[in-house]
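Novice: Given chain A, put chain B in place with the hints provided.
2 protein chains.
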Amino acid sequence: MALNKQAYRGTRDFFPKDKRVRDYLFSVMTKTAESFGYESYDGPLLEEVELYKAKSGEELINEQIYSFTDRGERFVAIRPEMTPTLARMVAQVHRESSKPLRWFSIPNLMRYEKPQRGRVREHWQLNCDVFGAPGRMGEVEILQVAIELFENYGANHAHFEILLNDRAIVDSVFKTLMKTSQEQSYRLYKIVDKAKKVNQDAIIKMVSEVNLTKESEDIFYSYLKLKTFDDVSSFLKIHHQNEIADQFSLFVEQTKKLNLGKYLTYDPTIVRGLDYYTGIVFEIFDKHPDNRRALCGGGAYANLLQIFNEDPLPGVGFGLGDVTLKDFLEVHQLLPNLDNPTNDILITFQEDIGLDASLKLAHLLRKENFKVVTSLEAIKFKKVFPTAEKKGVRFVSLMGSDELAQNKIQLKNLDTKEQQTLDVNDLESIIKILKA
Amino acid sequence: MALNKQAYRGTRDFFPKDKRVRDYLFSVMTKTAESFGYESYDGPLLEEVELYKAKSGEELINEQIYSFTDRGERFVAIRPEMTPTLARMVAQVHRESSKPLRWFSIPNLMRYEKPQRGRVREHWQLNCDVFGAPGRMGEVEILQVAIELFENYGANHAHFEILLNDRAIVDSVFKTLMKTSQEQSYRLYKIVDKAKKVNQDAIIKMVSEVNLTKESEDIFYSYLKLKTFDDVSSFLKIHHQNEIADQFSLFVEQTKKLNLGKYLTYDPTIVRGLDYYTGIVFEIFDKHPDNRRALCGGGAYANLLQIFNEDPLPGVGFGLGDVTLKDFLEVHQLLPNLDNPTNDILITFQEDIGLDASLKLAHLLRKENFKVVTSLEAIKFKKVFPTAEKKGVRFVSLMGSDELAQNKIQLKNLDTKEQQTLDVNDLESIIKILKA
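Going down the list, the protein sequences come from chains A and B.
Everything in the first sequence is counted per my numbering, starting at 37 for the first residue and increasing by one.
Everything in the second sequence is counted per my numbering, starting at 37 for the first residue and increasing by one.
Isolated chain A, as found in the complex:
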């Protein structure tokens, strides 16, 4: 029986054309992260499941993770996210590293998803994190990196927006103003996290089940109505949370000075689930009506190293998946045309005896850093140009019987259509034309 030619469910084959798109996505990520001095790292594909259990909720461990027991009885998982690995690595070196520590990575991750638009089982994710930055400068810088990244893809505030909150504000509302128990607070986080996905009646029902006082309920609903940074500021000051208000205002001021303001909107429902965040949290949303989705999320966390018994080291980071990013760029027509590769020259010969001279020329041009495609057998004149197009070359070299008799080549520039006859050994002139 013949084998199945399709990729495993929820994963992708990257044929050269698809791979060029991925390479483009990654090259902009790398360029942007490096423009801020972030250094690339990577970790293993497998980690012990303990690591994910310590950091994440049980749902992820039980249902969404590719886990198995290895031959040495270790219970391991294919990494579903990078943060636990990052924490493990930073825990090894943070003592002797100068701060801030700026790291990025673009790992492949696997989750046991039901495949659908924007969701696959294997995806890649840019992770940018900064550790040990003073005050809220890490938050400011991470937002800058994320915005610069989107701008480097050609996007602007017509294409995306950043919805932002501060977990310190949420905590102060729940714990200080509403005086909730830990369990009530946990349930309110879940309600807030769902608030945009369900209707008002459902929210009222869920809130009523938390058993808040009337006063606390009122505070909760007025919190949910906050829409602008000014709203937040007034709300916190009315409730005498001046320190939290001031810290947040300082942060907002700093983002405005860096012209990030046009991208940022306050949103009380952004809390990033029950995750490990403790400060600013944000999500980047596509503004396109056909793709109204979160593209990217991140925030500040104070205690990521705790699970390794290390002293707290404040960090801020974000993650951006390749699938949602590609959808975003496609829907806004921001992806360059990458149908064909890019090469410098296609070297062809029209008579068998041209092989040696062709291969020699190809070899010499490669030593000069040109990308050279050779035909490995004689090809007819009329086949040369369709091949040249598929290979994305700028130049074609031809050797018919006339040229071969005189040790010449015809060198054609496919953009200008200029064609020149050159001595096949006159490397200097050939290079000069290729570089022009």
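What the hints contain is simulated information worked out from the structure, not anything from laboratory work.
Cβ coordinates follow ideal geometry from the N, Cα and C atoms, glycine included.
Where hints are given, some of them may not hold.
Unchecked claim - Below 27 Å or equal to it, Euclidean Cα-Cα: the simulated BS3-like pairs (lysine-lysine) are: (1) A/135 - B/448; (2) B/323 - A/135; (3) B/211 - A/41; (4) B/226 - B/211; (5) B/226 - A/293; (6) B/444 - A/396; (7) A/416 - B/293; (8) B/41 - A/298; (9) B/41 - B/55; (10) B/250 - B/293; (11) A/418 - B/135; (12) B/55 - B/67; (13) B/273 - B/226.
Unchecked claim - Covered stretches of chain A (chain B as the covering partner; in silico rule of three or more C-beta atoms under 8 Å from a C-beta of chain B): (14) 101 to 113; (15) 406 to 416.
Specialist: Coordinates of chain B only, in the frame set by chain A:
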């Protein structure tokens, strides 16, 4: 209890310094492959185990593979090699692709190895393959790519050699000259594959167990003594295998014309195990006495698509792992110093009020494609230069109280030690100096 900070057994954490080395290895691989017009592809991390069973021996499937059953009852494995995925992908598109098809990939692979020098559980491997090349031009080109790759790392024939054979020769010796049964031929392949690892007595013992005629045994031992391309040619001609001899000589001639001869040595024991190869097979060996190992292996195969019921499409390829490559470059001192990253400028300020001007300058320089590291708080003059060194910058910008009072920066070139005072808003002059 605190969690373990170490990576899973046999895998590696790539801290920024390690990652720079990996990135360097990969960048030379990519540059070399692309200089021959090879196009990058990638496949999924997981494949169904059936695929590996169809292609590989049972040993690999049973003992060396990371396999498990997914939640949908699919028996899958983390890819231990790339060739089956490559075959699956080529089977999907080869009909409508123009030939030769030139592809490369640098996937991460996992095998359940006992970790030791040169062997880890997760490694990366360059795979270069060409499909549908005429005659033996695919073999010639793949050897060229492999040699060019090593040369691009700065290696030459003092550092490595290529041991080479032709499975067509081996088959003709075993089947035509020695008239062995399929089972005898299989056992002889195993003996040849081991010949360099065991002593003469062990070989004699193993051969005697194959039950060959005296005449066949003599042919086998004279085959094993072949040392040069001329030896092979004479041997085949004595035994009237002229067609096979001529095809091989033609191939050898072609490699000599391309100056590959200095790297190539005939070796009758190179057969690449019981693998799927059908033509030229080769292994690249480190010549260093401390690292006398195969770095890379490859060859030509005729029937890789058979398992998908596709028509035969001849291919040639090789694989090169990152661990053995790194050992090779280290033992020959060919690795560049990558201890520090490379950045353009470190922007610092020595008084708190310098923050805004610093961040603004950083932002503008990033838009001009410079790699800019900022200090996010005031740092003392004496801390600036140690930081600059760690960040691998060429320039440092300083703003003390004098400069801040006048909206100036001190821009210092760390190579020439030249220092200039510039207006912080005079971006044009700053850029000119950074680009000089």
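Novice: Now look at each hint and say whether the structure bears it out.
Specialist: Going through the hints against the structure:
no., hint, result
1, A/135 - B/448, "holds, 22 Å"
2, B/323 - A/135, "violated, 43 Å"
3, B/211 - A/41, "violated, 34 Å"
4, B/226 - B/211, "holds, 15 Å"
5, B/226 - A/293, "violated, 72 Å"
6, B/444 - A/396, "violated, 56 Å"
7, A/416 - B/293, "holds, 24 Å"
8, B/41 - A/298, "violated, 41 Å"
9, B/41 - B/55, "holds, 19 Å"
10, B/250 - B/293, "violated, 41 Å"
11, A/418 - B/135, "holds, 16 Å"
12, B/55 - B/67, "holds, 18 Å"
13, B/273 - B/226, "holds, 26 Å"
14, 101 to 113, "holds (count 7)"
15, 406 to 416, "holds (count 7)"
The structure fails to meet hints 2, 3, 5, 6, 8 and 10 from the earlier list, while all remaining hints are met.
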